[in-house]
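Chains as they are written, first to last, in the working numbering: chain A, 1 to 385; chain F, 1 to 385; chain X, 1 to 385; chain G, 1 to 385.
Hint data in this document are derived by calculation from the structure and do not stem from the laboratory. Among the hints, erroneous ones may be present.
Heads up, the list lumps identical chains together, so a pair's fine if it works in one copy or across two of them.
[Unchecked claim] Capping the alpha-carbon separation at 25 Å, the derived lysine-lysine pairs in PhoX-like fashion look like this:
hint: 1; residue 1: LYS276; residue 2: LYS219
hint: 2; residue 1: LYS283; residue 2: LYS52
hint: 3; residue 1: LYS219; residue 2: LYS380
hint: 4; residue 1: LYS233; residue 2: LYS274
hint: 5; residue 1: LYS208; residue 2: LYS145
hint: 6; residue 1: LYS52; residue 2: LYS4
hint: 7; residue 1: LYS145; residue 2: LYS181
hint: 8; residue 1: LYS283; residue 2: LYS233
hint: 9; residue 1: LYS180; residue 2: LYS380
hint: 10; residue 1: LYS219; residue 2: LYS283
hint: 11; residue 1: LYS219; residue 2: LYS6
hint: 12; residue 1: LYS145; residue 2: LYS57
hint: 13; residue 1: LYS208; residue 2: LYS233
hint: 14; residue 1: LYS124; residue 2: LYS283
hint: 15; residue 1: LYS219; residue 2: LYS180
hint: 16; residue 1: LYS233; residue 2: LYS52
hint: 17; residue 1: LYS380; residue 2: LYS208
hint: 18; residue 1: LYS6; residue 2: LYS274
hint: 19; residue 1: LYS276; residue 2: LYS52
hint: 20; residue 1: LYS283; residue 2: LYS145
hint: 21; residue 1: LYS6; residue 2: LYS233
hint: 22; residue 1: LYS219; residue 2: LYS181
hint: 23; residue 1: LYS208; residue 2: LYS219
hint: 24; residue 1: LYS208; residue 2: LYS52
hint: 25; residue 1: LYS219; residue 2: LYS274
hint: 26; residue 1: LYS52; residue 2: LYS6
hint: 27; residue 1: LYS4; residue 2: LYS208
hint: 28; residue 1: LYS4; residue 2: LYS276
hint: 29; residue 1: LYS4; residue 2: LYS233
Protein chains: 4
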Amino acid sequence: MGVKPKIRIGMIGYQFMGKAHSHAYRDLPFYFDNPLEPELTVIAGRNEEAVKEAQQKMGWLSYETDWHRVLARDDVDVIDIVTPNHAHAEIAIAAAEAGKHIITEKPLALTVEESERMLEAVQKNNVKHMICHNYRFVPAVQMAKQLIEQGRIGRIFHFRANYLQDFIIDPNFPLVWRLKKEVSGSGALGDIGAHSIDLARFLVGELKEVTAMMETFVKERPIGEMTGGLSAKGDTSEMGEVTVDDAVAILARFENGTFGTFEATRFAGGNRNKNKFEINGEKGSIRWDMENMNNLEVYLADDETGVQGFRLINCTEEVHPYAGAYWPAGHIIGYEHTFIHLMDEFLRGIHENRQTAPNFEDGVKNQRILAAVEQSAQEKRWVSL
Amino acid sequence: MGVKPKIRIGMIGYQFMGKAHSHAYRDLPFYFDNPLEPELTVIAGRNEEAVKEAQQKMGWLSYETDWHRVLARDDVDVIDIVTPNHAHAEIAIAAAEAGKHIITEKPLALTVEESERMLEAVQKNNVKHMICHNYRFVPAVQMAKQLIEQGRIGRIFHFRANYLQDFIIDPNFPLVWRLKKEVSGSGALGDIGAHSIDLARFLVGELKEVTAMMETFVKERPIGEMTGGLSAKGDTSEMGEVTVDDAVAILARFENGTFGTFEATRFAGGNRNKNKFEINGEKGSIRWDMENMNNLEVYLADDETGVQGFRLINCTEEVHPYAGAYWPAGHIIGYEHTFIHLMDEFLRGIHENRQTAPNFEDGVKNQRILAAVEQSAQEKRWVSL
Amino acid sequence: MGVKPKIRIGMIGYQFMGKAHSHAYRDLPFYFDNPLEPELTVIAGRNEEAVKEAQQKMGWLSYETDWHRVLARDDVDVIDIVTPNHAHAEIAIAAAEAGKHIITEKPLALTVEESERMLEAVQKNNVKHMICHNYRFVPAVQMAKQLIEQGRIGRIFHFRANYLQDFIIDPNFPLVWRLKKEVSGSGALGDIGAHSIDLARFLVGELKEVTAMMETFVKERPIGEMTGGLSAKGDTSEMGEVTVDDAVAILARFENGTFGTFEATRFAGGNRNKNKFEINGEKGSIRWDMENMNNLEVYLADDETGVQGFRLINCTEEVHPYAGAYWPAGHIIGYEHTFIHLMDEFLRGIHENRQTAPNFEDGVKNQRILAAVEQSAQEKRWVSL
Amino acid sequence: MGVKPKIRIGMIGYQFMGKAHSHAYRDLPFYFDNPLEPELTVIAGRNEEAVKEAQQKMGWLSYETDWHRVLARDDVDVIDIVTPNHAHAEIAIAAAEAGKHIITEKPLALTVEESERMLEAVQKNNVKHMICHNYRFVPAVQMAKQLIEQGRIGRIFHFRANYLQDFIIDPNFPLVWRLKKEVSGSGALGDIGAHSIDLARFLVGELKEVTAMMETFVKERPIGEMTGGLSAKGDTSEMGEVTVDDAVAILARFENGTFGTFEATRFAGGNRNKNKFEINGEKGSIRWDMENMNNLEVYLADDETGVQGFRLINCTEEVHPYAGAYWPAGHIIGYEHTFIHLMDEFLRGIHENRQTAPNFEDGVKNQRILAAVEQSAQEKRWVSL
């Protein structure tokens, strides 16, 4: 491990996604023979005490309290942006101008305009860029992609995605940054719906038009803040307005004629993180659900009559994407491994001077869809992309 | 069984639904102590050979080849309409005028106007009426209804229904009556989507507005006919135009603020008859799937932390609706039993001079929703109800 | 239906199994084109009030309070024995001597000796005989049989069966006849374990040797009686000794080398009627569970690498055994239909003068296994068959 | 992370389990605030090229080709034994005499006598010891333990475990060390059955007596070797005798009266690593399956009638054991994390001078059960423990 060239990471932010990314950099060399070895060079955050603790806990070599200083450092090759969404654009553009490769959390930005400026910046400055739609990198999802590309599913009629969570049903859950439009851009739409949209684009193709509805079921909440992961604490004495959607549902037509439906919500009790989709094609169907992420359900219409049915495929065999790096068949991996695969791909791209995906172009396209969804919901009409 | 007053049934039609209804009348007295005993008095169909065979096979006392003669018979109390959809209105209106109680398959009619005339006729002639939304009568669905009425689910945020079939994916599946607008009214929408809409109305309440998209994936098919159930045979030498939808997806808002999504399709490979829904409320969630119709999945948010999760309830215990009439717990029932429950309710209503549900009013409301869905899909806009 | 020759049934007993059999005779002509039409001629029971009520409710033409009179009647062709187990032998032997065909519930008798006398009687008197191991007649189980016979599973390594119930965990559940050795012969072993053993013999072949353990977890219970199905009522003021097993577990070797394990219990909370098995062979595996009885899970080792996995086959297609008689694919059937299939087979056998299976020979073999299991449990050693 | 006292690990062996342990030491500080920080000091193996590659790939600071040298090093606090089973005893005893703490893979040894000498050695030398029954450390299994200890399940009637694999069904799978008695001690029994036995002891208590059967379905295989994980390569030109069991089934009685059944096999096609158990008690039942290891199914008999059923609990909430260290609820972890939890416990024990479990005492008890199982299978009789 020690003999490979290092690639030095500077991370801006340190909460839920900061933890996921940090772990992925640390764990990557153990499992994958990436040509580069990531060094956790510097982590940045405004709260010195908190960032220092994060630095220690997650094994970063140094910390900064001003992200500009990270960009200014010569010993940083990659800027990894895991801040709340409203800060993505400014940091990414500055990082591009500083000649750093960039990896950022999704959604890319708060607006299409911002995201386009970000894309322009990375292209102009000729740096590599990545957006963390990590669910593409689940082995079962990669397997789905392979089956589709091999023609095993045939012409696709339906893409049907649900991303269901339940962490804010309690009206006393506080008004954290994820519930403020000026910080997060949107609610369920950009946070989780964006993932389903990315999977749709990855697996099926581009969307042509959408119509949608959005809802905020709980319109006021006590002021408060995230305490890690999706937990939070609040003080019920002061209330503030929720300015993002709690739920969104979308009808979509894809350019290839596929019929798409999407629903994302934070109000589906009992669904902690139910990110699932089903694809129906002329030759077969595919079902996947993040809560059992190692499994892929596949129906093949050319199976012999009488023994047709969805196969429950545990994508942990050597033949399955990424799975050979881990354990014998039947020994499952988890959420965090999706980031390892994503980082592996990103760093290989840098090493090979190849632009990997999903990247800022995907981010812009995703952002345009998010904007079209919001517009269609507001104007109660179909919006073309 | 023999000592009860008889109620004499005249059935118009004899295919898939005719079989389901016939069986239900025959089986009803065995399981339920209904105050009336149905007599399978007369069955009608235009093809004498076929109707005679049906009469013999299904145990009817007599047959007619002209439905007007059934209505004219004094020994018939109830007209049961299981013809293709386009004949519902004429027969039902004539039956009402003949003073017969009426039970009909869904959708009620081809158009809202027709369905309204049907409702007017039964009301004016003061006869009892029923529409066969049989899925209401699954014990697990009745249990869901009870939980909602008891307040166990609380305010409902989401109703999410999919009705997925796959019997016409093959482009050589022939152009049967179910695929002709002038006979069936619509395709997946009226045939299966209508069931989901009825369940939504039954469990959640009335819809306020909808927007939808519809698609016909295979636009031409060989001329042919149903051969029973959902099977068919065709002759590929002559092609005809498919004039109904293969798939429909709907966004809906309920009057009580619930967020509704519906999808019905005949192009979801591997899903033979996947009729399912999920309800998410502030206190709990409910999931149900017709392929495992005896089960209800229920999440209760007030379960103790640490042991929260969807409960898989096998609704076959004496305490579950209708289940006590059958077998010990864990011994499941099937599709056909839903009709027994529906007939039991209908005949009790007649005996007690009480109008049961779902009835022609439900049929009209359902038809208005179907029409609004079609309009919204054609005009690509939201339509209010 | 009316034009076929009738076969006239005389049933002795009228509780849970009496209901299942009565229904099957009534329903059989509706679904299957059996050459004979069963007539529910006479039902017998000692309690006149109860048997009269059963006669009425289940549609029998007459009743008797002494089973000898049923055997004496000329208008009875078949004796159907659904009494508690201790009465099987006497009735069956007398029925054979009276020249009646016989169908009986399982287990065949209380002892091997009894069962052998029963077999001798039917053979000597040349009547047809059947034992109601109804689970053989589940379409999914028949499908499993087909796959095995077609060589799709290959050499079988493992047969693994569990039959789990929970209806007597409560120590206040009364001491009904099912818990008294002199009436039932054994407990979980003969009541439900016998079914698993029959499935093993049907699907895999004969057993060679067994070793077992048995347990009675609750040794005393209040005196009481069944009230229908598996429900009961008791009076806690007087206690009696439970003289049968609550649970049994068996290791077995089959003659063909298959490794068998069985467990049957009435103390598995949450398992209302979990009758399941798994078969593992060199070319594939099969899983089945009565709670989802329409499904068969099949793994085929020659499926392409990468898409291997258990297929969830909903055995409701026309191509599946018995399924074509019912509804379109995906519309499930239930517990009661297994008896229709069994009766269909039995009556065809009578018509064609062919001895169908499972029959008294199967009953004797099953009884020998039950006896060997009991002996091995008592003597704590392997017992050869 | 860097400020904590280090605990220096010397690992003997470097294959499947070496990888799992190495990863756990590396990952532990990231997730858990263990008072000690493991240092991957030295890894040993006889094949210099291979061990050097392992050292590099897994991040060890140095390597040795003779394990005696690892024991002799002053800079090593803990010896971690991940060799094939036959080497456990010699290394462990020497390590104990060298005053090192010891962690070893299971089964503890090849024989009871060996295992007892190992226990004696660690006790005499007063070092800490651990055996890697990692499945105890699955959050869902820990949750099961809590529920049992809280009395939520009540008196336990049944423990039922299956550990099913399928990696050697192909008769051309070579004769690797796992299939040679002199190296591995036993086959399915010690490799996977031992895990089920450990879970039984952990969750239910000690076994009192067993009877078992064992089988070797494929008696000769081509000579060959493991190539990592459970993969292997062979050369079919030379055959050797398989000297271990392919499958084992066990009946057991626990000291507390629980009825136990176990089955372990490598011949259950489609089951890559199906490690599962079910517990039935007077107040509830528990089901768990390693292929969906984050889930625990729990039935509570005191749930309200009508809504009773197994709850599917995704043990990824902060309230679940170990889960708070990772991701928000619904984001699953995998196989490798079980080792992190085990190492966390072991190192805490060393720091607090507390002997953690499972340890060599557990290993000895497990070994005695394995021996009793083998004896009972050979002598075809019950063996007391």
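Here is how each hint holds up against the structure:
1. LYS276 with LYS219: Neither: 27 Å inside a chain and 30 Å across chains, both beyond 25 Å.
2. LYS283 with LYS52: neither (54 Å within a copy, 41 Å between copies)
3. LYS219 with LYS380: For LYS219 and LYS380, only the intra-copy Cα distance (20 Å) is at most 25 Å; the inter-copy one is 29 Å.
4. LYS233 with LYS274: Intra 23 Å, inter 40 Å, cutoff 25 Å: intra-copy only.
5. LYS208 with LYS145: within (21 Å within a copy, 39 Å between copies)
6. LYS52 with LYS4: Only across copies: LYS52 and LYS4 sit 16 Å apart there, 28 Å inside one copy, limit 25 Å.
7. LYS145 with LYS181: Answer is neither; intra-copy 34 Å and inter-copy 37 Å both fail.
8. LYS283 with LYS233: Cα proximity of LYS283 and LYS233: across copies only (21 Å, versus 49 Å in one copy).
9. LYS180 with LYS380: within (23 Å within a copy, 31 Å between copies)
10. LYS219 with LYS283: For LYS219 and LYS283, only the inter-copy Cα distance (18 Å) is at most 25 Å; the intra-copy one is 45 Å.
11. LYS219 with LYS6: Answer is neither: 48 Å inside a copy and 51 Å across each miss the 25 Å cutoff.
12. LYS145 with LYS57: Neither, since 36 Å and 30 Å both go past 25 Å.
13. LYS208 with LYS233: neither (41 Å within a copy, 37 Å between copies)
14. LYS124 with LYS283: neither (43 Å within a copy, 52 Å between copies)
15. LYS219 with LYS180: within (11 Å within a copy, 47 Å between copies)
16. LYS233 with LYS52: For LYS233 and LYS52, only the intra-copy Cα distance (22 Å) is at most 25 Å; the inter-copy one is 49 Å.
17. LYS380 with LYS208: So LYS380 and LYS208 pass the 25 Å test inside a copy (17 Å) and across (14 Å) alike.
18. LYS6 with LYS274: Cα proximity of LYS6 and LYS274: none, with 37 Å in one copy and 40 Å across.
19. LYS276 with LYS52: neither (37 Å within a copy, 43 Å between copies)
20. LYS283 with LYS145: The answer is within: 15 Å in one copy meets 25 Å, while 28 Å across copies does not.
21. LYS6 with LYS233: The answer is neither: 39 Å in one copy and 35 Å across copies each exceed 25 Å.
22. LYS219 with LYS181: Cα proximity of LYS219 and LYS181: one copy only (13 Å, versus 44 Å across).
23. LYS208 with LYS219: between (32 Å within a copy, 21 Å between copies)
24. LYS208 with LYS52: neither (46 Å within a copy, 53 Å between copies)
25. LYS219 with LYS274: For LYS219 and LYS274, the Cα distance is within 25 Å only inside one copy (24 Å; across copies 35 Å).
26. LYS52 with LYS6: Classified as both; 23 Å inside a copy, 21 Å across copies.
27. LYS4 with LYS208: neither (45 Å within a copy, 56 Å between copies)
28. LYS4 with LYS276: Answer is neither: 38 Å inside a copy and 42 Å across each miss the 25 Å cutoff.
29. LYS4 with LYS233: Neither way: LYS4 and LYS233 sit 44 Å apart in one copy and 30 Å across, limit 25 Å.
Going down the numbered hints, you'll see the structure goes against 1, 2, 7, 11, 12, 13, 14, 18, 19, 21, 24, 27, 28, 29, while the others check out.
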